[in-house]
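Put together the whole structure using the sequences plus the hints.
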Amino acid sequence: MNNSEQSFDVDAALAALRAQLAPIVARTPDAVMVGVETGGAWIAERLHAEFGLAAPLGTLNISFYRDDFSTIGLHPSVGPSKIEADIDGRTVILVDDVLYTGRTVRAALNELFDYGRPAAVKLAVLVDRGARELPFAPDAVGLNIDIERGRQIKLTGPEPLRLEMR
-8 MNNSEQSFDV
2 DAALAALRAQ
12 LAPIVARTPD
22 AVMVGVETGG
32 AWIAERLHAE
42 FGLAAPLGTL
52 NISFYRDDFS
62 TIGLHPSVGP
72 SKIEADIDGR
82 TVILVDDVLY
92 TGRTVRAALN
102 ELFDYGRPAA
112 VKLAVLVDRG
122 ARELPFAPDA
132 VGLNIDIERG
142 RQIKLTGPEP
152 LRLEMR
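Residue numbers (the working numbering): -8 to 157.
Treat each hint with caution, since some may be false.
The list that follows gives simulated cross-link-like pairs (lysine-lysine, DSS-like), each with its CA atoms no further than 25 Å apart [stated by the list, open to error]:
hint: 1; residue 1: Lys73; residue 2: Lys145
hint: 2; residue 1: Lys73; residue 2: Lys113
hint: 3; residue 1: Lys145; residue 2: Lys113
Here are the simulated distance ranges between beta carbons [said to hold, decoys possible]:
hint: 4; residue 1: Gly93; residue 2: Gln11; range: 15 to 23 Å
hint: 5; residue 1: Gln(-3); residue 2: Ala110; range: 37 to 45 Å
hint: 6; residue 1: Ala128; residue 2: Gly70; range: 23 to 31 Å
hint: 7; residue 1: Gln143; residue 2: Asp2; range: 18 to 26 Å
hint: 8; residue 1: Glu150; residue 2: Pro47; range: 15 to 23 Å
hint: 9; residue 1: Glu139; residue 2: Ala110; range: 19 to 27 Å
It should be emphasised that the hints constitute simulated quantities derived from the structure, not laboratory data.
Note that the Cβ used here is the ideal one computed from N, Cα and C, for glycine as well.
Here it is as structure tokens:
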């Protein structure tokens, strides 16, 4: 790792996220967990197994709904989302790796509502790095990091999960 990179303890961040999610899961045992591809899906897979949720784990591919791919220089490949559980009237726990501008959350909500109308959506993120452009706040967060624009936090995985700031 060079001087411009910094790594973080993913296990500690996951433990903190799990602890904050535990009361939400206890209040809503029929919750549906949905991970945003790809990093959010990796995290959601672990949390789903640890909480033993009955509803199948869902994944969202939000590429179709992103409004900033050309701005950030990415060329998305639109793929299918997979939500097998009925989300109408249920709590959905939406899981993502890094919350930054809020544009991923907006896109995920657009995709999620194509599947139904949940009673509530709870947002769980491994890292909240601040600097929102849209008004979203997580219900559960593993790690808060305040870094300047231009730096990037990247989750790689799935085995092992590594969180690096570049």
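Consistency of the hints with the structure:
About 24 Å separates the Cα atoms of Lys73 and Lys145, which keeps this hinted pair within 25 Å; it holds. Our distance criterion of 25 Å between C-alpha atoms is met by Lys73 and Lys113, whose separation comes to about 18 Å. The hinted pair formed by Lys145 and Lys113 meets the criterion: a straight-line CA distance of about 22 Å does not exceed 25 Å. Between Gly93 and Gln11, the C-beta spacing of about 19 Å keeps the proposed range 15 to 23 Å intact.
A beta carbon spacing of about 39 Å between Gln(-3) and Ala110 agrees with the range 37 to 45 Å that was offered as a hint. At roughly 28 Å, the beta carbons of Ala128 and Gly70 sit within the given window of 23 to 31 Å. Separation of Gln143 from Asp2 is about 21 Å and conforms to the stated range, judged on CB atoms against 18 to 26 Å. Checking the proposed 15 to 23 Å range against Glu150 and Pro47 shows it holds: the Cβ atoms sit about 21 Å from each other.
The hint said 19 to 27 Å for the Cβ distance between Glu139 and Ala110, and at roughly 38 Å that hint is violated.
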